[in-house]
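**Q** Chain residues, written in single-letter form:
There are 2 protein chains.
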Amino acid sequence: MTSAERVGVVGTGLIGTSIAMAAIRAGDAVRGFDVSAEVLERAAARSGLAPARSLEECVRGATLVFVCTPIPSLAELAVRALAAAPEAVVSDVGSVKGTVTAEVVRRADPADLGRFVGGHPMGGSERSGPDRASASVLDGVVWVLSPTPGTDPSALERLEAWTRRIGASPVRMEAERHDRLVAVVSHLPQVASTALMGLAAAEEAGEPQMLLLAAGGFRDLTRLAASSPRLWADILLANREEVAGALERYAARLLELRELILQGRGVEVEEAFAHAKAARLALAAKPQVKAGVAVLQVPIPDRPGVLGELTAALGAAEVNIEDLQIVHSPEGGRGTVHLTVAASAAEDAERVLRERWFEPLRLA
Amino acid sequence: MTSAERVGVVGTGLIGTSIAMAAIRAGDAVRGFDVSAEVLERAAARSGLAPARSLEECVRGATLVFVCTPIPSLAELAVRALAAAPEAVVSDVGSVKGTVTAEVVRRADPADLGRFVGGHPMGGSERSGPDRASASVLDGVVWVLSPTPGTDPSALERLEAWTRRIGASPVRMEAERHDRLVAVVSHLPQVASTALMGLAAAEEAGEPQMLLLAAGGFRDLTRLAASSPRLWADILLANREEVAGALERYAARLLELRELILQGRGVEVEEAFAHAKAARLALAAKPQVKAGVAVLQVPIPDRPGVLGELTAALGAAEVNIEDLQIVHSPEGGRGTVHLTVAASAAEDAERVLRERWFEPLRLA
Chain A
1 MTSAERVGVV
11 GTGLIGTSIA
21 MAAIRAGDAV
31 RGFDVSAEVL
41 ERAAARSGLA
51 PARSLEECVR
61 GATLVFVCTP
71 IPSLAELAVR
81 ALAAAPEAVV
91 SDVGSVKGTV
101 TAEVVRRADP
111 ADLGRFVGGH
121 PMGGSERSGP
131 DRASASVLDG
141 VVWVLSPTPG
151 TDPSALERLE
161 AWTRRIGASP
171 VRMEAERHDR
181 LVAVVSHLPQ
191 VASTALMGLA
201 AAEEAGEPQM
211 LLLAAGGFRD
221 LTRLAASSPR
231 LWADILLANR
241 EEVAGALERY
251 AARLLELREL
261 ILQGRGVEVE
271 EAFAHAKAAR
281 LALAAKPQVK
291 AGVAVLQVPI
301 PDRPGVLGEL
311 TAALGAAEVN
321 IEDLQIVHSP
331 EGGRGTVHLT
341 VAASAAEDAE
351 RVLRERWFEP
361 LRLA
Chain B
1001 MTSAERVGVV
1011 GTGLIGTSIA
1021 MAAIRAGDAV
1031 RGFDVSAEVL
1041 ERAAARSGLA
1051 PARSLEECVR
1061 GATLVFVCTP
1071 IPSLAELAVR
1081 ALAAAPEAVV
1091 SDVGSVKGTV
1101 TAEVVRRADP
1111 ADLGRFVGGH
1121 PMGGSERSGP
1131 DRASASVLDG
1141 VVWVLSPTPG
1151 TDPSALERLE
1161 AWTRRIGASP
1171 VRMEAERHDR
1181 LVAVVSHLPQ
1191 VASTALMGLA
1201 AAEEAGEPQM
1211 LLLAAGGFRD
1221 LTRLAASSPR
1231 LWADILLANR
1241 EEVAGALERY
1251 AARLLELREL
1261 ILQGRGVEVE
1271 EAFAHAKAAR
1281 LALAAKPQVK
1291 AGVAVLQVPI
1301 PDRPGVLGEL
1311 TAALGAAEVN
1321 IEDLQIVHSP
1331 EGGRGTVHLT
1341 VAASAAEDAE
1351 RVLRERWFEP
1361 LRLA
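Quick note, the sequences are listed as chains A and B, same order. With the first letter of the first sequence counted as 1, position 279 gets the number 279 in my numbering; the numbers rise by one all the way through. One gets my numbering by counting positions in the second sequence from 1 and adding 1000 to each.
Check before you lean on any hint, since a few could be wrong.
Unchecked claim - Cβ pair distances, simulated, as ranges: (1) 177/A x 1317/B: 46 to 54 Å; (2) 1061/B x 317/A: 47 to 55 Å; (3) 316/A x 1361/B: 26 to 34 Å; (4) 362/A x 1060/B: 35 to 43 Å; (5) 103/A x 1230/B: 45 to 53 Å; (6) 27/A x 1208/B: 47 to 55 Å; (7) 1176/B x 274/A: 25 to 33 Å; (8) 1361/B x 362/A: 30 to 38 Å; (9) 1355/B x 56/A: 39 to 47 Å; (10) 1150/B x 128/A: 54 to 62 Å.
Quick caveat, the hints were computed from the structure, so don't treat them as lab data. Backbone N, C-alpha and C fix where the C-beta goes; we use that ideal spot for every residue, glycine too.
Next up, chain A with everything else stripped away, as it sits in the complex (with noise of 0.2 Å):
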């Protein structure tokens, strides 16, 4: 086990919060700064950080460095981080890696570069603000690490050993790559999302009844569309090559689809959706669970109580609920649940819901 580090979190939003969080969960020691007072108080309530009057003071004598701001800010932010805690390993959240990573190269003494290296937890959601901070937004998820030619790597490896230790998934990615996967699985999607809920919303102006007939595919699909607009611009803006090469061959993607549909080519139609259910399918069975899931599917009544019939008699079994989602409520009056559990947990899971006289179907 590595030892407790003395942690400097600059940026007390949603994800410095979260971060003090997990931390302090495992034993460190943690001090915060956000430029914000109020932001820098309700973070220390939370969390229990102690709170520094300056980024200085923040990071003086720490160990390890999160700088956890909006991107514009964070290589200038980072690059004094490096000055002021001489042994710490310094890193930062940003969403995109390439331009501020390059930044901070231009920026810093270069006898400090041994010690940045750039990172991004993929825990983000649509929320902000310390008071939804929690430790567990960290639990697990894919925290890619993007060194630079110059870090150290036993300052690589040293971050790497923290984020483990806090429960993440270490992933080692150079930033460019980096930058241009996220630009196809999260900003494109994004992206896709703000303007499908664009469109619609624009066309209802003049169809009154477009939205009533928006089911649970189009809620799906445009949840993401109520994240934050200022941090996506910005987001957007700092990774806009590849975001922008991501939505032309999207673009071109729904277009050669279109033509398929227009022409009446059925088959090919066909073909097109086979081979994307193919691969969500294959998505569907989570990296992080290495026995595998299932998923279960369970009509449910609509009356207080029935959900928790469910969830209580799965918890009573030990059958621990990956994930749980209610497919038709949006829309319906009653439910039906898609409940995901671990694969070996599922023949238990099946049995105990008929044991309670629900009629779970296995999907996968």
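With the hints as your guide, set chain B onto chain A.
**A** Only chain B this time, still in chain A's reference frame:
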């Protein structure tokens, strides 16, 4: 209350069998037919419908007939049902209405057309087959009814009363309008989801860790991609003009956003995102729940039984859960639950959860 009907169900897959179950629950007599004897047998075993050996035997003497087969055969079978059941109001459940109703109008005996009403219960899912049917699939769903110019108003009213009696929400809408609206809120999301999954899967071939970085947002957006390829090829081709139009407008919107991002026009990107966010938050207040809804965010640790404690506590307090979604779990070991309850029950829910040491936070 409408008196009991004699219901014929032609095609006993997921929706047909669900209609049979909802009708039987409401006190109707139901006969069913399917070209697959094996599917019909399973449907009879699941629902209690009386199996018939032909379409004609199924609908003879019926007062209401639902044709629930794949889109390509809907019109032909509706025409046969109109001829074989001279007292029945005949409807279908196809996801596309324009082409189907036009074909019925063209092919049916004009004397029968007063009894035909197109229909679309908007309660589909990625599932299929009678074994997954349930009366609750139709509870509260929006059921679009599309009369033709020749439809007898009394036939429309009778079907409308029946859909209401079994717990659905009928909405009258002409076929062309239905198809234009679902092209945007149902067919476009399906293609957008499939295209995103297809793109990421194709690109992962050259970038092996791409899907390792796919977090909750990507999963939300690609869930629909697991739907039936055959069913969707039929739907998209049957509504090809409207779908092609929606895809074109969507691609154009994506490319507009791409241009703003590439040019670094952050203010305009942020504005577009803010507009979509406001629309999505408005959508979260479901029209079906008249008193409005509230969404509570509740962090939950990853141990068996904790979700049971949460839902049981709410059940004991008679708080009905409208929707429940585990937000972080797909990527992390722990989860945050988004809990939707009626706005009038939100305070009770918060109080009850706090008593059990949960930390609910009201989002909306």
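**Q** Starting from the hint list further up, note which numbers the structure goes against and sort them upward.
**A** 6
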